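Enquirer: Spelled out from the first residue to the last, the chains are:
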Amino acid sequence: MSEVTFNKKELERYSRHLIIPEFNIDGQRKLKSAKVLVVGTGGLGSPLLLYLTAAGVGTIGILDFDVVDDSNLQRQVLFSTEDIGESKAKAARKKLEKLNPHINLVVHETKLTSANALEIIKDYDLVADGTDNFPTRYLVNDACVLLGKPNVYASIFRFEGQVSVFNYTDQSGKTGPNYRDLFPEPPPPGLVPSCAEGGVIGVLPGIIGSLQANEVIKVISGVGEPLSGRLFIFDALAFETRVLKLSKDSNQTKITGLIDYDNFCGIHQQENGKSTVKEITVWDLKQLVDTHADYQLIDVREPYEYDIVNLGGELIPLKTVEESIDKIRSDKKVVVHCRSGARSAKAIEALERKFGFSNLYNLKGGVLAWADEIDKSLPKY
Amino acid sequence: MAKLIIPTPLRKFTNDQASIDTESGSVLEALNALAALFPELKVHLFDDQGSLRKFLRIYVGDQDIRELNNEKTAIEPTTVISIIPAIAGGRKSNEL
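Chains as they are written, first to last, in this note's numbering: chain Z, 1 to 381; chain C, 382 to 477.
Chain C extracted, bound-state conformation:
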C-alpha cells in the first residue's frame, strides 16, 4: 500500500498519527481518504472551492505533484506521498 506522511503541524488532527497507508489510485483519492479518516483535517487541506490549499505542497516521492499530474497523479503501492506545509517558526504573537 502507498504511504501518506502527515507533517507534524497537522498531526493534532490525526491523534498524532504520522502516516496512513492507502490503497487509493491517485493523490486526490489519498487526500480524500485521509480527510475521511480525520474530518477535522479537511478544512486544512482544501479551501471552500475544494482546491488544495496554497500553503501546502504535495510530493510523490521527491517530486512536486505540480511537476507530475497534479492531484490526478497516479500512485503505486510503493509510493510515498508527503504533505509539506508552510511553517514559520514559534512566534506566539500570531497565536489564535
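Chain Z extracted, bound-state conformation:
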C-alpha cells in the first residue's frame, strides 16, 4: 500500500481526510487503490458518485444504460437540464471528471444482466447498488456472493430508506449476511411494494445515497464498523431511524450461479398477462373522439395522477373498479386506460373474469402513448 503516492495537488485536495487521525494518509491510499462499481446513476447513484469521486476513490465504474430524462432532475443531482436526452453514464463521467481529475472513471453504458454481471463486477473490489428494481438487486447480490465482493446496499421508496452492507468479510474471515438473507423472495408483481405507487421525495436519495457512500468509504478504508449484519431504516416523514440486526438465513438456498432474474421476479408472467385483453391504439381512440363515436372512456389511475394529466375519462381507480361496476357500461364500447397500460389491463382482466364483460378495450401505452403520439403538449410523468 505504501507504493501508492500522491502529488502536491492531491495532498492539498485530500488534506481534510489526511488530518483525521483514524483515517490519515493510509486511509487515503486505500481509497486511491480501490475499484468501486456504482450500479445505477440515478437518485442513489448521484450522491454516491459525487462523494466517492470527491473522496478520491481511485477507480470508479459508472454503470447505467439509460438516458437522462427531465423527470430525473428532481432528485438526480448529478445531471443538469442540458444533459436531458444524453447517456447517463457519459453525462455522469463528464460531470465527475471536472470534480476530480486525479481518478479513473470507467463507463459501462450497458444494462447489467446475468450474461455480463460476473465479467463486469470481477474487476472491482466492491459494488454499490443504487438500482431501482428488484431483478437487478437480486442479480447484483448473487453476483457479489459468487465473486466474494462486498455489496453496499441502499434502497428508497417514497419517504423510506434502507441501508446495509451485504456479503462483507471481516478481518477474521467471517462473511456477513446478504440480500437474500433479508428478503429471500421479491414481492410478486402487483403486490405492494413493487412500485404500484412509485415515486420518491427528491431529497431522500440524497440522504440515503450519502450514507451509502459513507459505508463504501468505511469498507474500503477499514475505518469504523461497517453496517454489516445490520439494517438501517429511515422514515423521512416521522424522522425516525432504526438499526435492526440481520443474520444469515440458514434456510437460504445456496447461490450457485446467476439465473433469469426477470422470471424470478415474475416480470415475464406479468408481461404475458398483458396480451390476453383486447387492445386499441391511441390512434384508434383518436378516431373515436374525432367521429364522436358512442363509447365510454374510463381512467383507472389515482386521483393525484388524474390531476397531473387526463384525457377526460371517468375516474375509477383500479382498487375501486370492482365495487364500481354499475358505472361501467356493458352496452357499448368501453376504453380503459391508465398511465402506461398495465393497470388498465389488470382492471379489464378482473372485470372480464368476475363479471363477464366483453366490451372492454385496453388503451395500449396509456396516457404516455397519447402524449407521445397524439397530443405532445400533455405532460408525461
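Quick caveat, the hints were computed from the structure, so don't treat them as lab data. As the structure is a computational prediction, the values presented were derived from the model and not from experiment. A few of these clues could be false.
Simulated pairs of lysine-lysine, DSS-like, Cα-Cα distance not exceeding 30 Å [as the list claims (entries may be wrong)]: (1) K327(Z) / K453(C); (2) K327(Z) / K393(C); (3) K453(C) / K423(C); (4) K149(Z) / K254(Z); (5) K332(Z) / K354(Z); (6) K149(Z) / K435(C); (7) K435(C) / K254(Z); (8) K245(Z) / K423(C); (9) K94(Z) / K8(Z); (10) K435(C) / K248(Z); (11) K380(Z) / K393(C); (12) K98(Z) / K218(Z); (13) K384(C) / K245(Z); (14) K384(C) / K354(Z); (15) K248(Z) / K423(C); (16) K111(Z) / K364(Z).
Please build the complex by placing chain C on the supplied structure of chain Z, with the hints as guidance.
Expert: Okay, now just chain C, sitting in the frame of chain Z:
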C-alpha cells in the same frame, strides 16, 4: 400497549396511519389485529396459505422474529414491532 409500525409502502392501505397500538399477546395476533383494522392490507401481509409473505420481515425491537419465536413471539406492553418490506426504488416500468 405495544406499538406496531407500518412501513411507508403499506400506509396507503391504512389511510396513511404510521402505527397502531395493540394489546395483542403475540406478533401474529398483532398482525391479525392490523389486518382486521385495515382489511385491504391482509393480502399484502399473508399469502394464500396464511403464511407471512417472504418479502416482509417482522422485527420485535431490533431482532428478527426468526431469531425469536417467529410469529408466536410474545410481545410486552413496551414492545415495538416493525414490518420491514423489500423496497427497490422508484422505477415506473414495473408499475401496475
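Enquirer: Would you mind marking each hint as holding or not holding in the structure?
Expert: Structure-based check of each hint:
1. K327(Z) / K453(C): 45 Å, violated
2. K327(Z) / K393(C): 24 Å, holds
3. K453(C) / K423(C): Distance of about 18 Å is within 30 Å: holds.
4. K149(Z) / K254(Z): 16 Å, holds
5. K332(Z) / K354(Z): 19 Å, holds
6. K149(Z) / K435(C): 25 Å, holds
7. K435(C) / K254(Z): Roughly 17 Å between the alpha carbons, so the hint for K435(C) and K254(Z) holds.
8. K245(Z) / K423(C): Given pair K245(Z), K423(C) holds - Cα atoms ~26 Å apart, limit 30 Å.
9. K94(Z) / K8(Z): Holds, at roughly 24 Å.
10. K435(C) / K248(Z): 15 Å, holds
11. K380(Z) / K393(C): 23 Å, holds
12. K98(Z) / K218(Z): 25 Å, holds
13. K384(C) / K245(Z): 19 Å, holds
14. K384(C) / K354(Z): It is violated: about 39 Å lies between the C-alpha atoms, which goes past 30 Å.
15. K248(Z) / K423(C): Roughly 28 Å separates the two Cα atoms, so the pair holds.
16. K111(Z) / K364(Z): Given that 30 Å is the threshold and the Cα spacing comes to 26 Å, the pair holds.
Hints 1 and 14, counting from the list given before, are not met by this structure.
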